[in-house]
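Hey, can you work out the whole structure from these sequences and the hints?
2 protein chains.
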Amino acid sequence: MEKSEKNITIVDVAEKAGVSKTTISRYLNGKFEFMSAQSKHKISQVIEELNYRPNNLARSLKSKRSRIIGVVVSDIGSPFASILLKGISNCCDRYGYGVMITSTDDDPRKEREYILSMIDQRVEGLIVNTTGENNKFLEKMAQTGIPIILADRPIDLNLFDTVRTADMDATIKAMEHLKERGFTKVGFFSEPLGNIGTRIWRYGAYERACRDVLKISPQSYILESKSEEFVERLLERFITLNGAEKKAIYSTNGVTTLHIVKAMRRLNLKFPDDIGICGIDNWDWTELVGNGITVISQPSYKVGKECVKRLMFRLHRNRNAAPRLIELDCELVIRGST
Amino acid sequence: MEKSEKNITIVDVAEKAGVSKTTISRYLNGKFEFMSAQSKHKISQVIEELNYRPNNLARSLKSKRSRIIGVVVSDIGSPFASILLKGISNCCDRYGYGVMITSTDDDPRKEREYILSMIDQRVEGLIVNTTGENNKFLEKMAQTGIPIILADRPIDLNLFDTVRTADMDATIKAMEHLKERGFTKVGFFSEPLGNIGTRIWRYGAYERACRDVLKISPQSYILESKSEEFVERLLERFITLNGAEKKAIYSTNGVTTLHIVKAMRRLNLKFPDDIGICGIDNWDWTELVGNGITVISQPSYKVGKECVKRLMFRLHRNRNAAPRLIELDCELVIRGST
DNA sequence: GTGAAAGCGCTAACAT
DNA sequence: ATGTTAGCGCTTTCAC
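So the sequences go chain by chain: Y and R.
For what it's worth, our numbering labels the leading residue of the first sequence as 188, then goes sequentially.
For what it's worth, our numbering labels the leading residue of the second sequence as 188, then goes sequentially.
It should be emphasised that the hints constitute simulated quantities derived from the structure, not laboratory data.
Don't take every hint at face value.
Any copy, or any two copies together, can satisfy a pair, since identical chains are not distinguished.
Calculated cross-link-like contacts (lysine to aspartate or glutamate; reagent style EDC-like; alpha-carbon spacing at most 16 Å) [said to hold, decoys possible]:
| hint | residue 1 | residue 2 |
| --- | --- | --- |
| 1 | K496 | D280 |
| 2 | K413 | D471 |
| 3 | K297 | D307 |
| 4 | K193 | D307 |
| 5 | K449 | E474 |
| 6 | K496 | D356 |
In structure tokens, the structure reads:
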């Protein structure tokens, strides 16, 4: 278990190859125009023999390019983040970038802390799925020159590139579908909106669809708590308030849908007969419950990928490009619950 | 969008505070014994004013302690990895460590490449959920002095710390339960075993349980492909081969369970009557399908946490401790499918 | 208690 | 085509 060899550095390679370390550095950076074929060959050979690997800390410190990007998600344990991260990871890989990941549990203090410490590591850019509570802070960070891409949750569109699901469009589609199926009352179910852009926008989309599509007044039901008790009362309230009408739930994300479905099951409520249900996030299990749950499928993987592409664009093409909102299409998957 | 201020360094702080950068460095590293109360106070003030943040690349380069650990998982998109990472993240945070994460898609080449590049970043330790195809390579890495903890998938227990689910015990419990419920044939369903320690061990556990608990001969069904066609044929084979016996499936992980449940639904097979099913991984949806699926609940979060704890132990207490196998208890959750 | 000076392992002018 | 030199922003002897 003892270290077999002391750390090999560029100097060792230079000595053994009989050239200066500048030439080695040039080799490492692919500047082959500046060396003879035999130098090049000799160097490659020595590197191989010595099993040399450049120290990236030193490279980054000197060159100011770490080839690492930082990613801050709200909950790394959620399927949404998990797929988003997969998209980010895979795409970064293709660009030769590494990824540092942190998860904030939607705690604004952690968000700030993690972002600062990633900057301390000299990440070249940031992809942030923000809590929505750090707008000023993010703005300040951006002003210091680090590119920031917002994943999924928008704040100020004039300040940041934002990549997300086109959920306004999706919501309209969903509501039209509910109308077609004869639902006359649709309740909006969501986790607390807070300052979370996505939730607020989705509520807006729902409101608009109520007005334009269903011509009904909006009703919102917020899961202030996820206790069984609370969710059950929420459902009962929805039912009581809408009497004999044909009722459907519109759920804003997979987590919410999950809690609702669990509660319905405990209350022995069946869909679509007792209540219809339709929600955002086409998670694996949604097709397995009852006769399947009608969902809007978010392209989370692609959101991740597009975040990286936009970040690379900023990094390598135009640091000062005007911020863009990139909205990705999503699909309505109709199943038995509506 | 222009950089508001040039990068402020330890020298700037030193000048403004009227002390040497050595003292600032001492301050940054909490060595307050070596400075007067007023120096300390002055420095803290200047740092505040200047909004100074130490460059971690420089610190790590010089001190050889990056306070970053590297994590390599096989699929960042899977619920298992996602929860594991959450455990790792949260726990690292408490120790003041950052995390670099990569996902290999079970490609051994990527595994090697990512590990090397993390070492190039001077991560202090590695947590690896290995493909099982890089044993020699991992051994070599370990010999260079970097602590490596294996998450979930064991290879050589004499060489590496390993943290995982106590699935031998779990499997026995599951099989006893199946016996109690009157199942007379139990098939082992899994993704291809390959060199993946966990799968191989689980097969071993199943075999042993067949012999010791159910006194039947083992039957294994491998999802060589996840096409609908393939999984359906596999199920049909299981049924055909076991005629009128009371049959149950033992599935080795959530992914496998998911594919089986989907196929059963397409074939209109009901559990527990047509086939019982019981599997590892208590994922959210397992309680929602039919009358719920009986599962073994893996403590993935805790596996992550324990990996970090063990790594920190190695890093700070004893780099040469003998490798340990840490197996975490899991729980049998009995539901309608058996 | 505090500082000067020597690096950590690289990259990048500026030479030649 | 290649080398010399001066750092990047810190930490760490060693000296006072």
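Against the structure, the hints:
1. K496 <-> D280: Classified as within: same-chain Cα gap 12 Å, cross-chain 29 Å, threshold 16 Å.
2. K413 <-> D471: between (21 Å within a copy, 14 Å between copies)
3. K297 <-> D307: within (15 Å within a copy, 27 Å between copies)
4. K193 <-> D307: Between. Shortest inter-copy distance 15 Å satisfies the 16 Å Cα cut-off; intra-copy 28 Å does not.
5. K449 <-> E474: Both ways: K449 and E474 sit 15 Å apart in one copy and 8 Å across, limit 16 Å.
6. K496 <-> D356: neither (23 Å within a copy, 47 Å between copies)
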